[in-house]
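Q: Quick note, the sequences are listed as chains A and B, same order.
Residue numbers for the first sequence follow the working numbering, so the first one is 1 and each next one is one higher.
Residue numbers for the second sequence follow the working numbering, so the first one is 1 and each next one is one higher.
It is possible that some hints are incorrect.
[What the hints assert, rightly or not] Short derived list, chain A residues pointing at chain B, Cβ under 10 Å:
{"#": "1", "residue": "S33"}
{"#": "2", "residue": "A36"}
{"#": "3", "residue": "Q40"}
{"#": "4", "residue": "G399"}
{"#": "5", "residue": "L400"}
{"#": "6", "residue": "S402"}
{"#": "7", "residue": "A404"}
{"#": "8", "residue": "R405"}
{"#": "9", "residue": "L407"}
{"#": "10", "residue": "G408"}
{"#": "11", "residue": "A414"}
{"#": "12", "residue": "R417"}
{"#": "13", "residue": "P421"}
{"#": "14", "residue": "E454"}
If you're looking for bench data, these hints aren't it; they were derived computationally from the structure.
Virtual Cβ for every residue (Gly too), placed ideally from N, Cα, C.
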Amino acid sequence: MSYRLALVYGLSALIAAAVLLPVGVLLVLGAGSEVALGAQALEIALNTLLLTVLTTAAATLIGAPLALLTTYTDLPGRPLWTGLLAAPLAVPSYLGAFAYFAAAGPGGEIEALTGLATPSVDGLLGATLVLTLYTYPFVLLSTRAGLRNLDASTLDAARTLGMPLWTALLRVVLPRVKNSLAAGALLVALYTLSDFGTPAIMRLDTFTRAIFVEYNAFGLDRAALLSIGLLGLVAVVLLLEWVVGSTRERPGRTPRLHLGRGGAAACLAAIGLLLMAALGMPLGVFTLGVLREGAGSFDPAMLVRSASVSALAAAAAVLLALPVAYAATQGRVGRILERGTYVGFGVPGIVLGTALVVVGLRVDLLYQSIALLAFGYVVRFLPLAVGNIRAPLERTEQGLVSAARSLGASPGEAFRRVTLPLILPGLLAAGALVFLEVMRELPATLLLRPSGFETLATHLWEVYEAGYFGRAAVPALLLVAVSGVAVALMLRRERGNDDALT
Amino acid sequence: MLEIEHLEVRYGSETAVADLSLAAHAGELITLVGPTGCGKTTTLQTVAGLTRPTRGTIRIGGRTVNGKRFVPPERRQTGLVFQSFALFPHLTVAENVGFRLDPAEPVEPWLAWLGVAEQRNAYPEALSGGQKQRVALARALAHRPELILLDEPLSNLDASLKDSLRWEIRNVLKEAGVPAIWVTHDQAEALSIGDRLGVMRDGVLEQIAEPDVCFHEPATRIVAEFLGEASFLPARARGGHLETPLGRVPSRHQEGEGEVLVRPDDLALIEDGAANGTVAWTRFEGGTRLFSVHLDCGPSVQLRTNHTLHHAPGERVHVAIDAGHPLTLFPGRVGEVEAPARPVAAAS
């Protein structure tokens, strides 16, 4: 092994170890703790499971037909609807939960505005409703990708052989997209398990809410045990994801099924209703808030604080992702190290926060420091950065670096003159994505921020706790805008990668 | 010049190249041909220093590059031309060609030589496939290599372009006087452009010689079959000739018995004569026509005639050997000269 490669592997190993540290701390603390969780834990586990199963089922039932509708039919205005239907991804679910909590029920915005009494949206059903509205796009996008990647001439073949359309869709198309469908459904499950804001606002005792409650009651031991329980469930989902794997067919023709006038109208009505519920509702509630209260109470320093800590975390994540992504292109050891850094992807923010609070309590210097907060963000979003840097790096490493070196360039010169200029867009995209994700992150920020350090997301939380909804409007709309940019960026990059493949 | 001695490359338990030796002299163009996975590209990468051999010596321009110290690719002075062109997408044509040249040194002569002077300020994505490969070759030559390595340089190009570009590249290489190794899986390409031709299979260099020698005197049956349509007839050496079921042919002073290699142009259809075979199928090729004839004595042979001659499948014909040169005997299997005729199949 060359000196350079050893250096890169060493660096990557250090980074992977640092990223794995919080989970390790948690496991040690959990193993050493002597508290018992009792029957309450059983209820928490049951709630979490119920919420996850219901949300995943509902999101699949909404996302899969929409994928078919936006891929295989002549629905008028398909590209527009596809974009709008993916847009709920840009609303952090805690904002949706907040909006529904504020709007529905006795004394809610709807009653104040129209005088109509609506049932409260809370508990298991409320959390399921909100999470479904903001996670079905995972199923939609994943299934769409699957549908677009298969040659649907087989659908025509089945029909010319005498099979009715619906039977053909179920027997010829469905089996071939079931992996994509499952991948999307598992993303929904993972999101639901990790989400803190929605169950917390809907007052449903899931693992994430219970961990936060224990943390506030200084029950770190119990918080750690609950975190381990939640990590167990996450591990099951990740294991399933690994089992599902992916299949790839040679892309072929996409069919254009005729909906007819009535069918199209019915479909458009359903889509409109869904979009009203997912986008119209929160945007309406927050816009109403701005109209009523104005922006006077909004403190711009909050936005500056959010942006600067996000920029710090983004820079750190990109810098650390570079050696890891490079190592991944160099061989099997590097790929294993890269996998190690992906742990942040599976660790829910609330769990990561708990683990790092434990670390902070042991190391005085770090407790409630910006450094620890930024480290938390890096652990959480390093996979995002690595993933975005790795693909362009791989493309240059294959032929172009060999070409540069055969022309007499040293490895350093080849990196500086060929690799770096070519991966720069990837680096910028990775930085931007981490920046935007950090802006909207809630639970880890709540636990790790220095006291008095208020960001857009934490401000929203405090307003919720204080029951002073009107003040949430401006930061909420800002967060929606920030997330919108993030999601648009991510979708565009995914489409770019698809184009590069074909 | 390039000398390779007893080169071996292994990936784990898999041997990609086994005991390969060859030498390329000043200005010589060697083509390496073989099916996918035969080790030809690995050989090239090892010479360039992109893959490390497990054993063997490589000398470039008299300098050992795989001895006690491994010489990295940037200090080997090998110009590598890739199947994927590997042009730097963020640099213009002129910047690509002048990648590591002294900025004061003009790149125009190189661009003009390869006929891409007009594209000097274009970026690679704006070039056609043929232009890309010309720029890649200009870039490699401009850096004054001791040796040029071409890894399937034409396989990403249209068939119509391949023929002309093949000759253009050959002429440029000859003019430059730099020895070159040209790897391809296309036997027609390998036969037509190489000064010498190496045939590889499963990591083994089966034969390296002038193209016509490889074609007419293949060292192994593998070489014989890879380089073109090959039929085999039982034969026995007798008095400087070979006795075959179709008659006598000159031999290469080989002894014993076995099977003789006949190419489609070594055989002819004779109009007057007792039929000795049945046409199995025929294929019209434009200027010529290819026949497969099932001989009464057992084997099937393929032969090429003028396109005006036509016989339908099932017709009885007389096949004669009409080789103007000695044929190659592969000893081993006992000849079936005296074997009784097998029943004739309708088609093969």
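Q: Identify whether the interface hint at G408 (chain A) stands, where standing means a beta carbon of chain B within less than 10 Å of its own.
A: Check passed: Cβ of G408 (chain A) comes within 5 Å of chain B, closer than 10 Å.
Q: Given A404 (chain A) as an interface hint, is the shortest Cβ-Cβ distance to chain B below 10 Å?
A: Where the cut-off is 10 Å and the nearest Cβ of chain B is about 7 Å from A404 (chain A), the hint holds.
Q: Once the shortest beta carbon distance from R417 (chain A) to chain B is found, is it less than 10 Å?
A: OK, holds: R417 (chain A) within 10 Å of chain B, min 8 Å.
Q: Let me know if the C-beta of E454 (chain A) comes in closer than 10 Å to any C-beta of chain B, holds or violated.
A: 43 Å, violated
Q: Is the shortest C-beta separation between L407 (chain A) and chain B less than 10 Å?
A: It holds, given that the least Cβ distance between L407 (chain A) and chain B is near 5 Å, below 10 Å.
Q: Quick check on L400 (chain A) please, does its C-beta sit within 10 Å of some C-beta on chain B?
A: 6 Å, holds
Q: Going by Cβ atoms only, is S33 (chain A) closer than 10 Å to chain B?
A: 46 Å, violated
Q: Under the criterion of a CB-CB separation shorter than 10 Å, is A414 (chain A) in contact with chain B as hinted?
A: 8 Å, holds
Q: Double-check Q40 (chain A) for me: the hint is only fine if its C-beta lies closer than 10 Å to a C-beta in chain B.
A: Q40 (chain A) check fails; min Cβ-Cβ to chain B is 54 Å, beyond 10 Å.
Q: Please verify that hint: G399 (chain A), Cβ, nearest Cβ of chain B, below 10 Å or not.
A: 4 Å, holds
Q: Close enough to count: is the Cβ of P421 (chain A) nearer than 10 Å to one in chain B?
A: 5 Å, holds
Q: Would the stated hint for S402 (chain A) survive a check requiring a Cβ distance to chain B of less than 10 Å?
A: Given a least distance of 5 Å, the restraint on S402 (chain A) holds.
The structure fails hints 1, 2, 3 and 14 (numbered hints given earlier, in ascending order).
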